[in-house]
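**Q** The residues making up each chain are set out below.
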Amino acid sequence: MILAGADLVRRNADPSESDVREALAGNLCRCTGYQNIVKAVLAAAAEMRAAPPRDAREEVTA
Amino acid sequence: MGAPGVEAAERTEPGGNGYVGQSLKRKEDPRLITGRATYVEDIVLPGMLYAAIVRSPEAHARIVSIDTAAAREHPGVEAVFTGEDLADMEAPCPMVWVPPGVEVLVPDHWPLARDKVGYVGQAVAVVLGPDRYGVVDAAEQVLVEYDPLPVVVDPEQALEAGAPLVHEEYGTNQVFEWSLAGGDVEGAFRDADVVVEKRIVNHRTAGAAIEPRGVLAEWREGKLTLWSSTQIPHICRVILSIQLGISEEKIRVVAPEVGGGFGSKLQVYGEEVLACWCARRVGKPIKWTATRTEDMLTTHHGRDQIDYVRIGAKRDGTVTGIHARIIQDCGAYHLIEGPVIPTFSACVISGCYDFPAVQTDIVGVFTNKFTTDAIRGAGRPEATHFIELTMDALADELGMDRLELRRRNFIKEFPNERPHGFIYDSGNYDGTLDRCLEKLDLDAFRREQEELRGRGVYRGVGFSTYVEICGLGPSRALGPNGWGMQGGYFESAQVRVHPTGSVTVYTGTSPHGQGHETGFAQIVADRLGVTPDVVEVIHGDTNTGPFGKNTYGSRSLAVGGEAIARAAERVQDKAKRIVAHKLEAAAEDIEVADGRFQVSGSPGKGMTLAEVAGEAYIPQDLPEGMEAGLDELCFFDPPNFVWPFGAHACVTEVDPETGRVDIVRYVAVDDCGPAINPMLIDGQIHGGIVHAVGQALYEQVVYDAEGQLVTGTFVDYALPSAADLPTFETARTETPTSSNTLGVKGVGEAATIACSPAVVSSVLDALRPLGVTELDMPLTPLRVWEAIQAAQGRGSGPRSSEQGAALDEHGTGSAGSGPAAPSEGGGL
Chain A
2 MILAGADLVR RNADPSESDV REALAGNLCR CTGYQNIVKA VLAAAAEMRA APPRDAREEV
62 TA
Chain B
250 MGAPGVEAAE RTEPGGNGYV GQSLKRKEDP RLITGRATYV EDIVLPGMLY AAIVRSPEAH
310 ARIVSIDTAA AREHPGVEAV FTGEDLADME APCPMVWVPP GVEVLVPDHW PLARDKVGYV
370 GQAVAVVLGP DRYGVVDAAE QVLVEYDPLP VVVDPEQALE AGAPLVHEEY GTNQVFEWSL
430 AGGDVEGAFR DADVVVEKRI VNHRTAGAAI EPRGVLAEWR EGKLTLWSST QIPHICRVIL
490 SIQLGISEEK IRVVAPEVGG GFGSKLQVYG EEVLACWCAR RVGKPIKWTA TRTEDMLTTH
550 HGRDQIDYVR IGAKRDGTVT GIHARIIQDC GAYHLIEGPV IPTFSACVIS GCYDFPAVQT
610 DIVGVFTNKF TTDAIRGAGR PEATHFIELT MDALADELGM DRLELRRRNF IKEFPNERPH
670 GFIYDSGNYD GTLDRCLEKL DLDAFRREQE ELRGRGVYRG VGFSTYVEIC GLGPSRALGP
730 NGWGMQGGYF ESAQVRVHPT GSVTVYTGTS PHGQGHETGF AQIVADRLGV TPDVVEVIHG
790 DTNTGPFGKN TYGSRSLAVG GEAIARAAER VQDKAKRIVA HKLEAAAEDI EVADGRFQVS
850 GSPGKGMTLA EVAGEAYIPQ DLPEGMEAGL DELCFFDPPN FVWPFGAHAC VTEVDPETGR
910 VDIVRYVAVD DCGPAINPML IDGQIHGGIV HAVGQALYEQ VVYDAEGQLV TGTFVDYALP
970 SAADLPTFET ARTETPTSSN TLGVKGVGEA ATIACSPAVV SSVLDALRPL GVTELDMPLT
1030 PLRVWEAIQA AQGRGSGPRS SEQGAALDEH GTGSAGSGPA APSEGGGL
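Chains as they are written, first to last, in the working numbering: chain A, 2 to 63; chain B, 250 to 1077.
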């Protein structure tokens, strides 16, 4: 789910909620109802737009 | 049964730092999000063997012979065992519900089948070897000859005379029959002006935890250790001791990180016992991990009730009584408590409404399918579903507004004893509904709905006002002399302050994702004047902390959290006496504030917990007669259950041409008492809604007429994805319970209990102009489309086989005219 979110943000720096939901649709979660995962990806995208990481891959694997 | 006469707990003001009530980030998340958590599958022991299980492809058959010779010769295979080898096992898998005065048929259910099989997937043999793929290959070489027997999969057919018998020795497929009633039920329906009746099918679903079941068993130095993906390690130890004849103190059960349970791991499975037996027999550690299909086949299912419901009312809408006849499909064998599940429907049969008379008649039925048992909500989602949809039908029958009917009948006085003896602790049902409507803006929605209908867009709104029973539970009500559960339902806690002032909390609960480590740390931090990050919560290991009753029935906070609060308050009391002694003050003048134990009114005069711990563990100057140490224990058995409640609203849009349902908005207002951590509550509500949306729209465990499971993967068993859902709008009210001093109620199951009728009701509201009045879950496009065709008088021909012929319980399609083309929008 984190990788799918990171991949989306790399391709689309300013995704909509529905973009995020579509991007995460290949991963199932039984606990969260996805709500805060979607919010987290949107929040991460906003943060990365404000201060782009030097290497997005590093951000993901750190 | 609400244990009347027991004094209500009094609320206390713990003082402290005010962490309770804050949305602190979860202590658990860094290890989970970064993939560093330890699940059973992550644990590897030297010399470990893998187990592959040979499972029955037949739903009902005699085992004629099992030939293991080829499998034994397979390279690397160390052993193959069948049911005969397990003859030294001291007891079959237990079922712990023994209701006084009610006969429940409990067939022997062994970890490996003996003589016959009763469901597809039943374990017949186990193959052990060091290569996990090699044992799977070898398992395919175990040759089992079956003599097939007639199969019955439909519970109502199973009750008919002449139906195939799942267990011939009983001469019947009826497992048990019992009733729970109160008030003058006969009079209630005699005096009613209106009686509405419905037949509602609440289909079989799966817990579908993302981590499948898995076990690792080790026999070393005469002691057994089992690591298992379970919700109930302590209960598992007791049962292992009984089944294996190993003294309890020689057994350790560990639930490491558990990747979801939802009730499906509130179980002691045959594979847990089998792995332990094999480990002792071969002297090597044994690991077994379910494949997804094994998990779908043999991890217990839930729901699977057929509910016949009647509600009587006066013309003005005042309800006079409710009666439900529940047919529970138990499957072929029981596991730990399956047959008791519909009793939880009976507990909440009164819903939020002031029914003067209630009755629930329950019939359990054997079928050639796997066991049903507790899945998130366990009996209560089924009850809410049939109560709420029948209340909707009553409103329609009376020509009343659905919400007006609800409000007219809401229970308003608390505590409130229901006719069947349960005592609702506290509630404010109008309050949650008001809040829900504020967020929804119903008038605006009705205008929008009308305008959209003019353009052929069908939107609807549905409501569910619910109450649930949880916080299991008072042992006197639930135990052997009450409902007949063979156990106690207290919870334990130990709060240990270390010499340097940090804290370890041992809880008897056993979380599997809920966030106990965070919420419990907040409770303790406030009481001991420390920060939650120095409070470590240890759980899920029978070798640490006291015997506990683990996690299910939304009990962990209301029972386990209360035990922790009380143990922490015992530590606090002792600390206050030490501080009073050292500072020459009175113990009652010591308060916990600003991270210190200080003398009231003298902010500069106080001690930190670390300073107090130093005194306690270097006991040179303690008060006269005080023991050393700062370490307290509590066993809390609640005086009553807790009764969370709320109001949910769902807005859906239905495509009349395809039958597809989309959830447009979802508003959930829940009341589980004062929040310990609001973010954890929201998380439970989000996940709980989606669990029920899954059942309402997508998920169904389907067996065909021969008893073959046809939904054995996540391709066939459709969990909702992120793209299927909107962002939910949530809010809370806080009405404390008197059942514990925290005032808290459970929330892990609440939204799942609430949600499904709101979804179905909204679809029916959307399709009202098209004349659709009945729909059973799951509301797949095909089923919705067929209902539209039938309501429009267009026969949809023979129903599709989506359910399997034997499970086709709806019969809504009118016969004869063959499939009709969907109409072009406007004509509908």
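Certain hints may be false.
Subject to a maximum C-alpha distance of 20 angstroms in a straight line, what follows is the list of computed SDA-like cross-link-like pairs (lysine to any residue) [what the hints assert, rightly or not]:
1) A:K40 <-> B:R275
2) B:K365 <-> B:V445
3) A:K40 <-> B:K365
Here are a few chain B residues that face chain A, going by a calculated C-beta distance under 10 angstroms [to be verified]:
4) G932
5) H940
6) T976
Here are a few chain A residues that sit away from chain B, every Cβ distance over 10 angstroms (derived from the structure) [to be verified]:
7) R22
8) A44
9) A51
Hints listed in this document are in silico derivations from the structure and should not be mistaken for laboratory results.
Don't be surprised by glycine CBs; every beta carbon is placed ideally from N, CA and C.
**Q** Which of the listed hints are broken here?
**A** 2, 3 and 7
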